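Line by line, the protein sequences are chains A and B.
Position one of the first sequence corresponds to residue 1 (our numbering), numbered consecutively onward.
Position one of the second sequence corresponds to residue 1001 (our numbering), numbered consecutively onward.
Hint data in this document are derived by calculation from the structure and do not stem from the laboratory.
A quick note: this is a predicted structure, and the numbers were derived from the prediction, not measured.
Note that CB positions come from ideal geometry on N, CA and C, so glycine has one too.
Heads up, some of the hints might be wrong.
Said to hold, decoys possible - Cβ-Cβ distance ranges computed for the label pairs, FRET-style: (1) A:His122 to B:Met1193: 30 to 38 Å; (2) A:Phe292 to B:Thr1103: 55 to 63 Å; (3) A:Lys173 to B:Asp1065: 51 to 59 Å; (4) A:Asn273 to B:Pro1069: 55 to 63 Å; (5) A:Asp37 to B:His1114: 40 to 48 Å; (6) B:Arg1277 to A:Glu157: 57 to 65 Å; (7) A:Glu157 to B:His1114: 29 to 37 Å.
Said to hold, decoys possible - Quick list of in silico lysine-lysine cross-link-like pairs, DSSO-like style, CA-CA up to 30 Å: (8) B:Lys1150 to A:Lys27; (9) A:Lys232 to A:Lys173; (10) B:Lys1150 to A:Lys232; (11) A:Lys301 to A:Lys232; (12) A:Lys301 to A:Lys218; (13) A:Lys218 to A:Lys173.
Unchecked claim - Stretch-level coverage of chain B by chain A, calculated; a stretch enters the list once three of its residues show a Cβ under 8 Å from a Cβ in chain A: (14) 1119 to 1128; (15) 1131 to 1144; (16) 1170 to 1177.
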Amino acid sequence: MPETFTFGDMLSARSVIGETLAAEGAKRDNLWVLTPDIGATLVEFRDTFPDRFIDVGLAEQACVGIAAGLAYDGNISVVSGMLPFLSMRALEQVRSDVCYPNLPVKIIGTHGGLVGNGGSTHYAVEDLSLMASLTNMTVTSIGDPVMVGEVLRQSMEMSGPIYIRLAVGKKDKVLYAPGEHDIRIGRGIVARDGSDVTLFTHGTTVAQALDAADELAKEGVSVRVVDMWTLKPIDAELVIRSASETDGRFVVLEDHLTYGGLATRISDVVTDNGVSLNSFERLGIPQVYAGFGDDEELRNKHGYGLVHTVDALRRAVQTQETS
Amino acid sequence: MTTAGIDPGEHHSVAELEDLAYELRRKLLELCGTYEGAVHIGGDMSVADILTALFHHGLRVDPDDISNPNRDRFLLSKGHAAVCMYIAMAIRGFFEYDDIVATYGQLDSAYGMHPCKVQLPGVEASTGSLGHGLPLAVGMALSARGRGEKHRVITLLGDGETGEGSVWEAVMAGRSNRLGNLVAIVDRNRQMMTSFAEERVMFEPYPDKWRAFGWNVVEIDGHDMSQLVSAIDDLPDADSDVPTVLICETVKGKGVDFMERNLAWHAGSLNPTDLERALTALDASRTKENA
């Protein structure tokens, strides 16, 4: 029997964005918030600073262009919306109007990855690849809702653009205790330390990675879970160190295409630095249009659910050493 | 009409502005005869009068104070007319014309086919890809409103460019946000790169499209300096609440008979013989109009 709910209720867990922006807006009279009709999370900012809130309606290209125009004139612009559209419909505006002049436009949104019943028009599965290819762009993907606020706050101090990817934001687990980790853009988080294999992940699959590490612990396997929430610039030092500290065994899990996202960025670090590994496996979305279902069903269907993650970690530690 | 502390600095008669537009066209042709690559000379010539009217009459800007917050902002949305803007700005005192001629298109030059704010301070925005200038202008106009500043934000678009959907997104945003400080100028030369506009894209009834979106529409001859000056002088106050579009009927390649309305002259280069022909044609055209 389904419960009755409204969109506002579904979105309520995203309130951290709205609260953070309202607080920052009070501190900075040059902070503007723009949205292409995805403003439900932004009511606090909208109601407190109506003159600095712009809802352009269904017009992603103009939304990003207007944000750039504001930023050219000394303002900080936050664009909030659904990432499949901001990352693709407005990609050229992001590239030429924001990244080329390196303007402080902060793009934050939801629907990164296979986030349920929307279907492939409404899943951003290429977005991290697209954004990471842009000069001057910082690219993040965040699973912990509290961290979203912290990163948004830090981004206000950056002179250039940033992309902040969320999944749905309605059922994210708080992963980290306050102050447990030093949150700094460009630094990965060792969410759980381990010595047999490193499982790199970001965003919504961090929780699943921690569950998989629990499973392996029962078998006596020590899994390091790295929340590599900044994909660009990548924390190369942590990648290189994890290779030597976890026996050269890597698994990368992400709610993104397996090529072009975090796995690709980690393999670039490995290759560029001559790191030798005993095993490397990518878990994520294959080159398919994913279909309908809930998040967990979709991950299981496409080979990167919890059971697949556990299996991949087992394979990783069983692989013979190559040297 | 001077407001907010910036004087236009120059007060020219229409005849003097016409002389400045002639100088701009002459310099454009000379660059086209110097630079070995293609110059977008057709679209440059069609906006030469508009840019002269702006940089020597309409825009409250100061070449010696390019960051003054009260300056009018000008964005060249049709970025491929960059050379015309560079030279118009050089004649106004922003840049050295000789630097443009000496370095245009070369490695490490600030002057390239499409303008870059980062490489060329004084330019207000990096443009080139079409359909980007008006959204940027809306953002700048909102910013001015937010700060209570009285300057205008003016952007020049090609008519072909207004085929881009992002233009109309911004047209709606400009109206919805009541930006009377926002001015779009359309260079209605009725040519795109490879075809005549109405043959491929039915823009007409063109002014009605802007009217239907709620803008204040002014239709003028974009080569008639007195009409340009009047249209600029008659712009609504910046604190009014309806944006204005000046639809300027123009001729691509204006001033050189063999370039006018000729699809071959969207862009090109002139050898010494053809440069002489072009300059002679420019003088003849000027004599005819003065007669």
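Task: Numbered hints the structure breaks, given as an ascending list - done: Failing hints, ascending: 4, 5 and 10.
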